[in-house]
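J.: Listed here are the chains, written in short residue letters.
Number of protein chains: 2
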Amino acid sequence: MLANIRIVLVETSHPGNIGAIARAMKNMALTELYLVKPKTFPSADATARASGADDVLASAVVCDTLNEAIADCEVVMGASARDRTIGWPTLLAKQCAQQAVQDAQTNQVALVFGRENSGLTNAELDSCQYLIRIPCNKDFSSLNLAAAVQVFTYELYSEANQKAVEQVSPESEPLATSTQIEGFYQHLQETLTAIDFIQSGQSNSVMRRLRRLYSRSRLSTREVDILRGILRMSQGSKE
Amino acid sequence: MLANIRIVLVETSHPGNIGAIARAMKNMALTELYLVKPKTFPSADATARASGADDVLASAVVCDTLNEAIADCEVVMGASARDRTIGWPTLLAKQCAQQAVQDAQTNQVALVFGRENSGLTNAELDSCQYLIRIPCNKDFSSLNLAAAVQVFTYELYSEANQKAVEQVSPESEPLATSTQIEGFYQHLQETLTAIDFIQSGQSNSVMRRLRRLYSRSRLSTREVDILRGILRMSQGSKE
Numbered sequence: 001m002l003a004n005i006r007i008v009l010v011e012t013s014h015p016g017n018i019g020a021i022a023r024a025m026k027n028m029a030l031t032e033l034y035l036v037k038p039k040t041f042p043s044a045d046a047t048a049r050a051s052g053a054d055d056v057l058a059s060a061v062v063c064d065t066l067n068e069a070i071a072d073c074e075v076v077m078g079a080s081a082r083d084r085t086i087g088w089p090t091l092l093a094k095q096c097a098q099q100a101v102q103d104a105q106t107n108q109v110a111l112v113f114g115r116e117n118s119g120l121t122n123a124e125l126d127s128c129q130y131l132i133r134i135p136c137n138k139d140f141s142s143l144n145l146a147a148a149v150q151v152f153t154y155e156l157y158s159e160a161n162q163k164a165v166e167q168v169s170p171e172s173e174p175l176a177t178s179t180q181i182e183g184f185y186q187h188l189q190e191t192l193t194a195i196d197f198i199q200s201g202q203s204n205s206v207m208r209r210l211r212r213l214y215s216r217s218r219l220s221t222r223e224v225d226i227l228r229g230i231l232r233m234s235q236g237s238k239e
Numbered sequence: 001m002l003a004n005i006r007i008v009l010v011e012t013s014h015p016g017n018i019g020a021i022a023r024a025m026k027n028m029a030l031t032e033l034y035l036v037k038p039k040t041f042p043s044a045d046a047t048a049r050a051s052g053a054d055d056v057l058a059s060a061v062v063c064d065t066l067n068e069a070i071a072d073c074e075v076v077m078g079a080s081a082r083d084r085t086i087g088w089p090t091l092l093a094k095q096c097a098q099q100a101v102q103d104a105q106t107n108q109v110a111l112v113f114g115r116e117n118s119g120l121t122n123a124e125l126d127s128c129q130y131l132i133r134i135p136c137n138k139d140f141s142s143l144n145l146a147a148a149v150q151v152f153t154y155e156l157y158s159e160a161n162q163k164a165v166e167q168v169s170p171e172s173e174p175l176a177t178s179t180q181i182e183g184f185y186q187h188l189q190e191t192l193t194a195i196d197f198i199q200s201g202q203s204n205s206v207m208r209r210l211r212r213l214y215s216r217s218r219l220s221t222r223e224v225d226i227l228r229g230i231l232r233m234s235q236g237s238k239e
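So the protein lines, in turn, are chains A and B.
Just so you know, the numbering used here puts 49 at position 49 of the first sequence, and the rest follows in order with no gaps.
Just so you know, the numbering used here puts 207 at position 207 of the second sequence, and the rest follows in order with no gaps.
Certain hints may be false.
Stated by the list, open to error - Derived contacts from chain A toward chain B, CB cut-off under 7 Å, selection only:
| hint | residue |
| --- | --- |
| 1 | A24 |
| 2 | K26 |
| 3 | F41 |
| 4 | C63 |
| 5 | T65 |
| 6 | P135 |
| 7 | L143 |
| 8 | A147 |
| 9 | F184 |
| 10 | I195 |
| 11 | L213 |
| 12 | R216 |
| 13 | E223 |
| 14 | I230 |
| 15 | M233 |
Claimed, not checked - Negatives, chain A to chain B, calculated, CB over 10 Å:
| hint | residue |
| --- | --- |
| 16 | S13 |
| 17 | S43 |
| 18 | A44 |
| 19 | S51 |
| 20 | G52 |
| 21 | V61 |
| 22 | N67 |
| 23 | A123 |
| 24 | D126 |
| 25 | E182 |
| 26 | G183 |
| 27 | Q199 |
| 28 | G201 |
Quick caveat, the hints were computed from the structure, so don't treat them as lab data.
By construction, the Cβ of each residue, glycine as well, lies at the ideal position given by its N, Cα and C atoms.
Just need the whole structure built from these sequences, with the hints factored in.
T.: Written out as structure tokens, the structure is:
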């Protein structure tokens, strides 16, 4: 299961953190590391801090965009230290591990971590179906990036090795990938613009609300097809 | 409770680790740090890595011996990555937190961590009542010292704040009533008929799929308003 769970780091500044994360991953039997625009990679600092997890570093996939790193993932979770005003569904570390390990039986799962200083942008969080968070001291809530990844990977390992995970999946269809989901949102936004429900440029809050709504329901590939079929007909009917 | 739990570091080599541990402790609302013969302390590296947990560093107690650091403790737990031949009672991180938080109601509790390269000596472990260990990859089982402390402090915080932690719920908007939901489905069905996506009379399977999709996301009143607004505009745009 853990082979289907990847760690995605967005614009990491300190190569030492990348190394420490490779080590934390290997300690917890994770291997799939994706780096979106790392400031410095590869680097001697990263290798030193990896302390023998060189294989994780060597197989890391470097990407230009977050979308590239999660393109084939059906389940995307974004780490957030802050409480966002957006009421995104939030999983604490242990719940995150339960959900991720279960989903990883039949899906690719990504845990996405943002910049050391500023985390993930709202636009990046829009690509996530869940916020994930570590319960901690509210007055001092920013964990070191590698420390945060260590907590999540620890919970993932504990969950994966705790019990023979129930192979139960409720008669589910294959989930849509991030690429399919983004294609739908793009199509939806164009349609809403065409019918003057939103205007180009000022569509963010409505689109974010709709993303939140649809991401809660975890769309299947077939459902995305149906929804896009509706969008097509709705535009066609005006011609 | 957490005020009665101290972290004891024995002969730490890298001051950066001491700083990272101060941060990890403050993140998890722990304050009591004891340093047995640290190689370098205080140090700029420690302060930098503490990232604002200067108060934990400033109040750290430096000792010459482990016995001095744990003299007033009733409960002493020693971290060990290896399985020791000593048949010492061993607690995994989560069990350690349960035991420590319970004991801390009426006792002073110490979690003791050894050197980066060699851990605790057998003589030092003799001063402990429990070994504590983090479940991990048996082929790569040595965590970074600060990462290990982060996992234990995370479990301690989670245990001490269990009720709060379990109560986290996505501050949700008021859910729509059945009447509102049915009104939306009715409106949706009319619209899909109007755009020829479904035909009157034979619409059951598509509508059933869409109901299933939307019911999974548990629509709020506000979201129903938005969806119906879209339907209204979509019909209006044809006139």
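J.: Decide, hint by hint, whether the structure agrees.
T.: Each hint tested on the structure:
1. A24: It holds, given that the least Cβ distance between A:A24 and chain B is near 6 Å, below 7 Å.
2. K26: 5 Å, holds
3. F41: 19 Å, violated
4. C63: Cβ of A:C63 sits 25 Å from chain B, so the hint is violated.
5. T65: Since chain B brings no Cβ nearer than about 27 Å to A:T65, farther than 7 Å, the hint is violated.
6. P135: 5 Å, holds
7. L143: Holds. Min distance 5 Å.
8. A147: 4 Å, holds
9. F184: At about 12 Å, which exceeds the 7 Å cut-off, the nearest Cβ of chain B leaves the hint on A:F184 violated.
10. I195: Hint on A:I195: holds, closest Cβ of chain B at ~4 Å, below 7 Å.
11. L213: At 5 Å from the nearest chain B Cβ, A:L213 passes the 7 Å test, so the hint holds.
12. R216: Result: holds, 4 Å to nearest chain B Cβ.
13. E223: With a closest approach of 5 Å, the A:E223 hint holds.
14. I230: 5 Å, holds
15. M233: This interface hint holds because 4 Å falls under the 7 Å limit.
16. S13: Given a closest Cβ separation of 13 Å, the condition holds.
17. S43: 17 Å, holds
18. A44: With a cut-off of 10 Å, A:A44 remains clear of chain B, as the shortest Cβ separation is near 16 Å.
19. S51: With a cut-off of 10 Å, A:S51 comes too close to chain B, as the shortest Cβ separation is near 7 Å.
20. G52: 7 Å, violated
21. V61: Holds, since 21 Å exceeds 10 Å.
22. N67: Check passes; 23 Å lies beyond 10 Å.
23. A123: 20 Å, holds
24. D126: 16 Å, holds
25. E182: Label holds. Min Cβ-Cβ 18 Å, cutoff 10 Å.
26. G183: It holds; A:G183 is separated from chain B by about 17 Å at its closest Cβ, greater than 10 Å.
27. Q199: 12 Å, holds
28. G201: 18 Å, holds
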